[in-house]
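Visitor: Sequence:
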Amino acid sequence: MKMTFGRFGLIAVLGAALYVGGASAQLPPGNGVVINQTPVAGGSSGQCLFINNGKISSQACASGGTPGGTSGQIQYNNAGAFGGFTASGDATINTGTGGLTLATVNTNTGTWGGATQCAAVTVNGKGLITAAAQSACTPAVANLTGLGTGVATALGTAVGSAGGPVTNGGVLGTPSSGNASNLTALNASQLTSGTVPNGRIPTAAFQNTVTNPTGTTSTSGVMMGAGSVCAISPGYSGRVKFEIIGSTSNTTAGATNSVVARYGTGTAPANGAAPAGTALGNFIAVNNAAGFGSSFTSNAIASGLAIGTPVWFDIELVVSAGTGTVVSVSCNAMEF
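Numbering of the sequence shown is given in our numbering, commencing with residue 6 and proceeding in unit increments.
Hints are computed from structural coordinates only; laboratory data are not their basis.
Be a bit skeptical, because a hint or two may be false.
Between beta-carbon pairs, the in silico distance windows are [as the list claims (entries may be wrong)]: (1) T135 x T102: 25 to 33 Å; (2) F341 x A157: 43 to 51 Å; (3) I98 x A141: 37 to 45 Å.
Because the structure is a prediction, the values reported are computed rather than measured.
The beta-carbon is built from N, C-alpha and C at its ideal position, and this holds for glycine as well.
Please model the entire structure based on the sequences and the hints provided.
Guide: This is the structure we're talking about:
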């Protein structure tokens with residue numbers, strides 16, 4: 006069977022093979038339907054051409070409908086009911102191009118957060134960010150993880166306890182090791198064991214000579230005035246050995262000169278002043294022929310002296326008769 010008809014806008018074939026070429030079509034015998042959207046002979050707009058056993062007839066289409074809505078609306082088919090709607094809400098649709106545009110819900114746009122800034126955002130129930138801001142990150146120490154035992158507690162304490170890390174200037178506690186080369190204000194009284202090389206101890210030492218003082222006839226004793234040039238300031242222990250060496254003589258044969266070293270703080274006594282301070286040991290008695298001198302050494306140890314306070318030391322001279330003198334006097338002291 007052969008038939009010739011015009012072009013079709015839309016062709017559907019059921020139960021038959023259809024070949025379309027140029028302005029004619031050849032359809033073998035069979036059952037089928039051709040939907041015609043453009044009027045042709047034997048049909049009109051909105052009608053369908055039915056083919057049954059090689060015969061064509063024009064009938065109204067049994068299904069389908071006319072789309073609803075107005076210009077610019079989105080058309081829909083809801084169970085055979087056609088209509089249209091305009092997009093609104095959180096997005097709009099361009100009906101000419103099909104482009105979807107999300108509504109603006111946050112005008113504060115930009116990049117939030119960084120190495121030192123923490124971002125804070127507000128999210129609505131639809132998952133949209135409606136507000137964004139940032140501020141300096143200030144994490145609570147208690148919320149930090151991965152720290153060693155006691156570190157979080159120590160970080161929150163300006164001055165730590167023994168065994169814990171602290172801020173600069175705090176108490177060191179009891180570290181198991183470390184370099185103490187930069188430590189200051191060390192108190193030697195806190196040393197409880199071990200030894201320290203002598204060269205590292207701030208010891209005090211003193212040595213000087215004394216101009217020959219004026220003699221005396223006092224049988225009750227007077228100071229020779231050496232304390233003005235013989236003095237020492239203890240540096241760490243307050244324990245000092247004092248020593249005065251010299252020669253003594255008397256104008257009267259058989260008279261006895263007695264000498265003893267004395268120490269004290271404050272203003273040193275002048276030559277001829279009454280005995281002052283504390284005696285260092287016992288008197289040394291010297292008895293010679295008139296005008297002859299004998300050497301003497303008076304030394305002793307004093308302890309409990311105040312650190313950093315100057316201590317003078319001098320000679321007290323007592324005679325039994327005549328005029329007694331001391332000459333060639335030297336003094337020395339050493340803290341240990």
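Visitor: When the hints from earlier in the document are held up against this structure, which numbers fail?
Guide: none
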